[in-house]
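Now for the letters of each chain:
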Amino acid sequence: MSITYLEAIREAQAKALAEDPRVYIYGQDVGRFGGAFKATKNLAEEYPGRVIDAPISEDAMIGTAIGAAIEGMRPIVEMQFADFSSIAFNQIINQAATHYWRTGVPCPFVVRLPSGGNEGSGPFHSQCMESLYSHYPGLVVLTPATVEDAYTMLLEALTIDDPVIYCEHKFLYYHLKADGLPNSSLPIGKARVARAGVHATLVTYSAMLHESLRAARELEQEGWDIEVVDLRSARPIDTDTILASVARTGRLLCVGESFPWGGLTAEVVARICAEGFHLLDAPPLRLNAKDTPIPYHPNLWRSHRPTSSSISATLRKLLRA
Amino acid sequence: MSITYLEAIREAQAKALAEDPRVYIYGQDVGRFGGAFKATKNLAEEYPGRVIDAPISEDAMIGTAIGAAIEGMRPIVEMQFADFSSIAFNQIINQAATHYWRTGVPCPFVVRLPSGGNEGSGPFHSQCMESLYSHYPGLVVLTPATVEDAYTMLLEALTIDDPVIYCEHKFLYYHLKADGLPNSSLPIGKARVARAGVHATLVTYSAMLHESLRAARELEQEGWDIEVVDLRSARPIDTDTILASVARTGRLLCVGESFPWGGLTAEVVARICAEGFHLLDAPPLRLNAKDTPIPYHPNLWRSHRPTSSSISATLRKLLRA
Amino acid sequence: MATRTAEAAAQDRTPVGGGNQEEGTPIPFQERYLKAYRSSILARQLEEKLASLYRAGKIVGGVYMGRGQESFSASLASCLDRERHDIFGPLIRDMAGRLAFGEPLLDAPRTYFGSAEGPMHGRDGNVHRGRPREGMPAMISHLGSMISVVCGMLLARKFRGQAGAVGASCIGDGGTSTGACHEALNLAGVEKLPLVLAVANNHYAYSTPCSRQYACGDLVERAAGYGFTGHSVDGTDLAACLEVFDRAVGAARAGEGPQMVVGSLLRLSGHGEHDDSSYITQEDRDAPYGRDCLRVARAQLLEKGWASESELERWDHEITDEVDAAIATAQKESGPDPLKESWHALATERLNEGFYDE
Amino acid sequence: MATRTAEAAAQDRTPVGGGNQEEGTPIPFQERYLKAYRSSILARQLEEKLASLYRAGKIVGGVYMGRGQESFSASLASCLDRERHDIFGPLIRDMAGRLAFGEPLLDAPRTYFGSAEGPMHGRDGNVHRGRPREGMPAMISHLGSMISVVCGMLLARKFRGQAGAVGASCIGDGGTSTGACHEALNLAGVEKLPLVLAVANNHYAYSTPCSRQYACGDLVERAAGYGFTGHSVDGTDLAACLEVFDRAVGAARAGEGPQMVVGSLLRLSGHGEHDDSSYITQEDRDAPYGRDCLRVARAQLLEKGWASESELERWDHEITDEVDAAIATAQKESGPDPLKESWHALATERLNEGFYDE
Ligand SMILES: Cc1ncc(C[n+]2csc(CCOP(=O)(O)OP(=O)(O)O)c2C)c(N)n1
Ligand SMILES: Cc1ncc(C[n+]2csc(CCOP(=O)(O)OP(=O)(O)O)c2C)c(N)n1
Ligand SMILES: [Mg+2]
Ligand SMILES: [Mg+2]
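Just so you know, the sequences run in chain order A, B, C and D. Each step along the first sequence adds one to the number in our numbering, with nothing skipped, and position 125 is 125. Going from the second sequence to our numbering is simple: count from 1 and add 321. Going from the third sequence to our numbering is simple: count from 1 and add 642. Going from the fourth sequence to our numbering is simple: count from 1 and add 1000.
Worth flagging that the hints you see were computed from the coordinates, not collected in a lab. Just so it is clear, the structure is predicted and the values come from calculations on it, not from any experiment. One thing to keep in mind: the hints can contain errors.
What the hints assert, rightly or not - Derived DSS-like pairs (lysine-lysine); straight-line CA-CA distance at most 25 Å: (1) 498(B) / 359(B); (2) 317(A) / 177(A); (3) 15(A) / 1158(D); (4) 336(B) / 498(B); (5) 1158(D) / 1192(D); (6) 1192(D) / 638(B); (7) 982(C) / 317(A); (8) 1340(D) / 1058(D); (9) 359(B) / 336(B); (10) 362(B) / 511(B); (11) 982(C) / 336(B); (12) 177(A) / 190(A).
Claimed, not checked - Here are some of the chain D residues that sit facing chain C, going by a computed Cβ distance under 10 Å: (13) 1183; (14) 1188; (15) 1189; (16) 1216; (17) 1258.
Virtual Cβ for every residue (Gly too), placed ideally from N, Cα, C.
Okay, chain A solo, but in the shape it has when bound (with noise of 0.2 Å):
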């Protein structure tokens, strides 16, 4: 049985939805329709009353959820898409992510996103969001490459007692395939080392991993090996996993697909430069989309983001310094 990074978002949810009587889901069209992108489909028939489609309001939205969650809830909301996030901000990162710190109280809910962008999608149906909300403290802000990783997350994220921004990546719904849903995983806040390898270290995350790792599949026919991690969440950085890749390497890449200007990519260069500085034996270097919206344009939204190509071609940049 093949299953989908998409379909794992559906089984995780209703798995939570069988297990845990906290959970329910509210979106709009997530009932009935089953979801802008089926992430939903059937779960409104199979547990009624607890996959609700909601107003277009996703300032509300985030708040009842907020009202449910301190009151011992687990909502899920999911965004139609991530870019109409930017309407919940404000109750995302002033009112959900300040709450425990400000009164004790845990708020735990999860918001789905569904991130990143296709051929025709443009600037308002792209967008990774992870570097904005990765910012803020008081969030969780989880980035899964893989379809066991979109599984086992988002089952975790609703375990945590924090508000958890969950970027899925619609890149990869249908595309990426596993063989079955796991049992065990990592847990959130660790990185994974996708690929071993000895001369660079490439860090990224989400669909990125794909890019990189086909990347770094380019370079080894050049003779070079990379070490690929994947970041698996955003906030937290994994700082001690990519600290001892560096030290095998000597080499640091860091790749994302959100706006270059600081942001995730830049967070982890700091990091490391502050605290693996010696580790060092050339500038470490950081790929990121370019600094313009996301175009629609199928020509203009391939050279927007990182491709294998312009990983590749970094890389070698790398390598050379």
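Start from chain A and add chains B, C and D with the ligands according to the hints.
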């Protein structure tokens, strides 16, 4: 005649209203009342019909500024506190920031964000948001640290054909004084060496400039000569000026007041490491606010943000490395 | 703040000058009707072509249709006057209104194909297009966000002393749930702006029925709370739509403050062409608001004697040719070249940062 | 969605059981009145003490007073029942309601002083306090944002089958302009939540008069658009307030859907104690809504024969002692120790990152 940072902001707005018929001011209580901090004192009387009280609708305030801007006006929007711009987040990053790139039609306006903390201001009246907005392509983000810059950069902001996030620091409003208003200044986009030194480069901006200068004076007693660079703008970052300084000193500390994950200090460190790695004699360090919301109690608040003493301590660590 | 019913509106369906009462020559009702009708047919045919190109894999992303909403949209735009600096702020399903307002026919196909010649140069696509300098703001996706932009454009006109300009903004039943919509309408009321808000209540927001979207009987009940004059209309009835928008635009222009027109109709398509809309109930399809507005308009034209069957057919054919030509032109044009892109988001060239310049 | 006027409300001002009709013993009107009155006096005296401590430099940040709004706020809270899991979501000027709902008297001074013993442990201050586990969410500053939180708390009760719980949320005239307020009210209507929204129209938002805040005649006109039952009341009249909230809370509890109560009154203080509020017009001060609600309540008490002049005075003195004791206690307590702070924002200890751990 002595003039404060706050008065300089008022004077710049008065001059803009006097000289540029495209300028108007929109914000809560900015009219007869003169604004929560009196940054628009008497302007409503002096420029009738052009300094307008807004309803409590930050999203719509920015939306109307966008509409007026694309029609050729030059709105100034005052947020009552920077923190409330979270309500306008979507309009700022998705509508204003993308407008020129999407349509070819510029969208020039200035949002004034009274930023930063004070004793007792708490988590929602103290935020520094330069790191948030700078992440997004299409915005110019200014962080004036001096009375002179507060004045000239606000005036220059109104000549720029892009949306400008003008982060004015409340902590400087009354304390910081100059003898008069300057006629000329560095252009936006250029950093300024606020203090020359040889042993380390301290890159900072806004209120942290003054804590940094105090720290530099403290270290001077200990025989260290610290170069302090005032970034002036978070977007763009004047990388060249920082590189030139690091080339002289070999050491880098970047100090900012926003939250520690990602943001301006990480971006500076990542850039300097990529472009000036071999100039560095020691691991580059960062110092930011602590990784929690901003506390109310003065004791906590003083520990939360960087101060001259925590900066000095970090400098000593940097110099020892 | 009296709320007029569709019947009341239908009763005094007399040819009025509307938008143009005070200055210029009033456009006769018949002329306006024909313009709206023509734009509607043009929109219907153009979108059907785009939909089939989408199904054939020639258009990426999605195609979003205004099917069933043409009369409502086109009537609004037909009551606007670009010479008086009016503004038309469309949303997803306003192809007909865009065309009636004067959007060049090529804009839509060029934007769908991502042509470098289009108004968005391939940077943005499908319905996310506009000509902001010509009174047509370019919508972003976030529903509700465009209304305050139209308010700001009206404020600019007020500052410049361009009195008499009217700004129209469009929203759906779902979009009324957004905070952005509320803030903008409240602000328009406070500023007494000459705004006309067209609410196309097509009974669904994607798959979500109105019962999960709002709890009042009729969205027009919101008008009073914003200090708007409220109007209701049968959105499938072109004559009724024209009449009510004529009145609303005229009132806004005359300084009577903002106007809200709620049209009842049905989305006769999926949310996008990827959506089979099987959730739309038979009850909705059979309801009066489920009628195809173009069929209604055709019958009205024949009944009024403004066109014969054969003329209607001829118009259809003429429009088919126009649409085919536009699509052919746009399809031949090339997309943007990523190597020639500046990859700069700021208009102020010197402030752009070069992240990947080598 | 009939809107009741203050007069209509005043006419049938009979002692009703309100919140408690169905279960438990109905609390007699007199008892509830006295509770609301006592909480109001307590709030007034407490805030006046806090204000003078602010002026003496003993409190940092600001002090925000509910002066003039005590009766309105306390009546709402007096109609709620914590045993039935009711919720009270206060805003800036709801000290009286907080006390009536059961907030410990020490919470306010402790929070103002930043005491480590307070509910916010010095991390947040002044009105930004609550006890979320006891039905009192802790407000954030961003106006409008708390209403949906109360909605969520009500949803949780619904999921848990705690039927009959009512949630109250408070907002000012200014706060109604926020998108957050709109989205939450619309959602409450759609979910048919037992929400009671108390709109304290004190005629100003900071310095901004209602004419720059909304364009309808009365904010209660918004109720219909959300599917709420609307009520209007003279917010300076304790008896009238109690009666109308009793009705609203009872209706919400009985499953009649969300309720909106708009009270007309005046902020008899600055926005905060730093503000001399010189912009409040004489006309407003002289208007019926400009009355001091406590003076009105005192007269009502005497008139009803529920208290004598000397009893009223005795109560004042008792309350002065209570307030003095609370302030003295809180002031003696120490603030949080930055060296003992964890500086961790997450409840999940192992996921906190140590940015400055050496
Ligand atoms: C703020 C926001 N949330 C979600 C969406 C995703 N979305 C796009 S269209 C749509 C439904 C819109 O319904 P309605 O406003 O009734 O317009 P219609 O499609 O029926 O014309 C949704 C939920 C969006 N565009 N904006
Ligand atoms: C979203 C938001 N914008 C601005 C503010 C700043 N602010 C605090 S109180 C206030 C006025 C509130 O007026 P109103 O809602 O009428 O309540 P009142 O103070 O009169 O009780 C403003 C503008 C805020 N708290 N939240
Ligand atoms: Mg709809
Ligand atoms: Mg008020």
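These are the hints, each one checked on the structure:
1. 498(B) / 359(B): holds (16 Å)
2. 317(A) / 177(A): violated (32 Å)
3. 15(A) / 1158(D): Holds. Residue 15(A) to residue 1158(D) sits at ~22 Å (cutoff 25 Å).
4. 336(B) / 498(B): holds (19 Å)
5. 1158(D) / 1192(D): Given pair residue 1158(D), residue 1192(D) holds - Cα atoms ~11 Å apart, limit 25 Å.
6. 1192(D) / 638(B): Violated: residue 1192(D) and residue 638(B) sit about 60 Å apart, past 25 Å.
7. 982(C) / 317(A): Status holds; Cα separation ~23 Å.
8. 1340(D) / 1058(D): holds (24 Å)
9. 359(B) / 336(B): holds (16 Å)
10. 362(B) / 511(B): violated (30 Å)
11. 982(C) / 336(B): violated (41 Å)
12. 177(A) / 190(A): Holds: residue 177(A) and residue 190(A) sit about 22 Å apart, inside 25 Å.
13. 1183: holds (5 Å)
14. 1188: Cβ of residue 1188(D) sits 8 Å from chain C, so the hint holds.
15. 1189: holds (3 Å)
16. 1216: Cβ of residue 1216(D) sits 5 Å from chain C, so the hint holds.
17. 1258: holds (8 Å)
Violated hints, listed in ascending order, are 2, 6, 10, 11; each of the other numbered hints is respected by the structure.
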